[in-house]
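Visitor: Chains X and S supply the protein sequences, listed in that same order.
Sequential numbering from 3 applies to the first sequence in my numbering.
Sequential numbering from 1302 applies to the second sequence in my numbering.
All clues stand as given, with none of them false.
Partial pick of chain S residues on the chain X-facing surface, computed with a CB cut under 7 Å: (1) N1486; (2) F1562; (3) E1566.
If you are wondering where the hints come from, they were derived from the structure by calculation, not from laboratory data.
Even for Gly, the Cβ is constructed at its ideal location relative to N, Cα and C.
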Amino acid sequence: MNSVSDKTKIITRLFPVSLLFLFSTFFLYSFTNYIFFYQEKSSLFQVSFAFLKQHLDQPGGLLEYLGKLQMAFYYNPLLGALVVSAQILLLVWLMGRIGKQLGAENILFVPFLAGALLFYLQTNYQYQAINNLGILFQLLLFGGLIISKPNYQWLAVILIPVAYFLFGSFSFLLLGLSTIYFLFQKSWLKLVLSWISLGMFFWIGKEFLFFYTTDSLLVFPFSSTAIGGQVILFGLTALLLLFIPVFAKIRIKVIERIAIRKIKLAGLSPYLILGLMIIAAFQNIDERSKHYFHAEKLFYEQKYDELIRYNFNEPTNNKLTLFLNNVALAETGRLGDSFFKFRQSDDGSTLFLKWQNIGQYLQFGGYYYYAIGVINEAQRWAYEYMVIYGATPETLKMLIKTELIKGNYRTAEKYISMLDRSLFYKDDAIYFRKFMNNDAAVLSDKELGRKKQQDTKLDFFVKTDTPWLNLLPVLDADPNNSVALQYELSWLMLQKDMKGIVELLPALENAGLKKIPKNIEEAVVTYKLLRVGEMPELKQLKIDPKTEQRFQQYYQIYQQNQADKRKAQVALRDFADTYWYYVFFN
Amino acid sequence: MNLLISGFAINGIFKLFMNLGNHSIYLICLLFICSCVSEPDGEVQTVPEAVTIYPDYTEVTIPINIAPLNFMVEEEGDAYYLKVSGEKSGSLAVSSRDGKFRFSEKKWKNLLAENAGVKLSYQISVEKDGSWNQYPSFSNTVSTEKVDPFLYYRLLYPGYESWTEISIVKRSLESFKEKAVIENNVVGQNCVNCHAFNNQNAENFMFHMRGNLGGTYFVENGELKKVNLKTKEMQNGAVYPRWHPSGKYVAFSSNKVVQQFHSMENKKIEVSDLNSSLVLYDLDKNEMMPVPVDPEKQFMDTYPEWSPDGQFLYFCRAAQIEENYDYRDIKYDLYRVAFDTEQRKFSEPELVFDAVAIGKSVSFPRISPAGNVLIFTLHNYGNFSIWHKEADLYSIDLKNLEVEKCGNNSDFTESYHSWSSNSKWLVFSSKRGDGLTARPYISLIDENGAASKPFVLPQEDPGFYRDFVKTFNIPEFAQTDINLTPGEIREAAGKKAIQAQWATN
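Work out the full structure: start from the sequences and follow the hints.
Guide: Structure (structure tokens):
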């Protein structure tokens, strides 16, 4: 074979490789950075020996540990994009090197295709770092194996069980690669002993060492969830990687002979793959997840105004986003004003989350209790989440805040220490440490102080299956709890319970409100003008005559179109953010 | 070889190390020298205030065979020095840069052996800004009484209703060795609970498992056996177990438990029974039978405990609750009933301690193997004392039934406790550390039931308890070792449970 010229090298290797890296970084950072947000918030890497030790009690634990380390860097999306892209690049290069070592003069197609597939898989927000890391380590080890002298290759017999302990099921890729390699080498004994050594280690581990189910020992840390359910695509990629030694031996002479000028067609295949990859990547942008995670990000950052604006400008049907939006409305005192500016579910599922052992429910359900001042329950949801899914930055922050509010400083310190051992939350740890053993500091803090004062003073058993029932005892204990009051009124609006709303007007007045919130006022006006019942006497709060006029207007249009509900709905579109519209059309 | 093991990437690191050659040895030596701390020299100033150490191991009585009491000094300093001197003979010195003192296990063991029955004196000096300050010394008393060599406990998150990782762990009390006996991950995260030994003997061992592989697991002749104790005649499953000293029977309470969550108080959870009764399992006959102490179903009976001679079954009893009950009104007294081992017959129950009369409630009665003292937990209401901050340990002298509050209590929960086989040591769960997580504390108990100042189970890392977020549940002393392999547990769990039969006598 002729040697590849420098120019050809640039066109067929360096340029497409650079293009892959640049596009991957640019795309992941610009279009799918929600992936990094989601993954970074899913776990908390801690720099401590105890944290490492926790991960060494089962095969593959180290890979999980390294995956969490990598995900910690996703704190900065650009860094995340660079790390992931560099990893893919390294994989492509490594495959090329392995191919070359195994006899292929210029193997380009397979590494690029595998790289492109790994990139595409990565555009799914659930595709975790362990996958590419796991593959990378196997290829590194396989590379080490094939460049070793034949006598040292005997160490594969030890290497594969060690790889199994460190990388779990990903080591089966190494086993497969070395099997094919030994087959080509006709090293039957090495092949057989590698399988026997892994089999024996697996059996000893299963029987005597590892307290895990057999299934888990076979599969961990791989999981369908951790690849975003892309089982077929991931399986194809794994097969592609597994047969690298075979591809390195295959030469399709017809294709090899086709050339444009001096560049062989096969050498241009990376461009074709890159082109297809770019098209597929743009097709794979998950707009719904993007919206959801952006809303979640704003929520965590407590940018409530921005969150409300965002949801208003880009309306969503996602109940979790609407739930977070309602918490933001409540925390900013606008739930009664803007409730129907957003889609609401009449079963209350946009207002409260019922207790369920589902990650996102546990993750967010407690924020309702935090908003209304049932701090114990807010803490419980965060704690349960931590028990099931492990510590995450945001659950830890919730645990710290609630423990500080409760004055349980020694427990708060444990969680603060966990944040302190993280890579990117040390500043938060420093911030929270200011409140340690200092009730006055807690009370004077804008958020913690308010919550401490708001924390319910009545002990009752929380009803998590019917979350709205917790509002009444909270209001019994503190009728001036305006957040709880807004939630109660919003729930009554969803129930179309005008009488209940009107009965709470004096409480609204006592809570210091100068004006009846818009949506609530609409309910009150309906009650008054339709003469549903007696109106309570109010000292300060007054019904705005404009609201009454708007109701008359609404009612008139409705009556004109009441024969055709669809037509009426269109005619009343300007009233879509009103209580009236909800009552008539929901 | 290194290239093979580590692949391309590690090769560079290996080369770097090789290039360093002898220099790396010097570097290591230098680091070692830098990390050493010399003993105080020059003028040493005496400080009148006592030094604060963590965990608090000051003025405690310790068993002669206990693992080193590693601790840390909570004073700012640049260097720390400790000299432990035996009243009879021997001493050992430890220095530290970070205030953490870790003793050599071998030297510690020798020092304790040389000073059995007398005191060890601890002298701490701290170097700050170039000068050494010496603090007043404190002491430990080395008891000649040994503690059982093993402590078993369940490690779990002090959570509410969810669980993932639960393990039953064996810890050597003579060293820092800890080993999992059972981990629930081996059976797909089924809940593992209520482990129990017969007289601190691990050969008679049992635990419950909840979930799809649920059942009660007994270790019989070193083999695991899975039994379904719930028969159709039983309203609820078997819950809290106690072995009869003969090893032939296990008494259980059979409870319908509810769990509710407080909105306000720091105790967080209320676990209470809606109804409960006592049942007896005959291991040889595989028979379940009622303990007929409440034929009219007027009471809720729970927490059985056998007297060491096996002639009495002690238990806690509350009036059966009505439909609209107030959980704060559920209060338990301590009762006992005579038992005829051969005939499997019970007599009429008798009141031992009337807690209701003083507005309190009893849980976890535990009698010393010597049979002279019973220690129980006393709290305001209910029976799930681990979530009751006010729960404290009390002792009853079984000769005259006089009750006294133990001297090892704190302002936080003191709950589940168990005796050593020689009746000298009591281990109990206490939440005094942070109010949330329970830790095993050990006290010496004298013939009259009086308890010494307790010390927390020593750990290799003195700061361990500050960071550890799991709780130590059901600490139980044991004289012998259990060695269940993951394979054995998996195999037993995979088998169909042997169904217990119902018998009326």
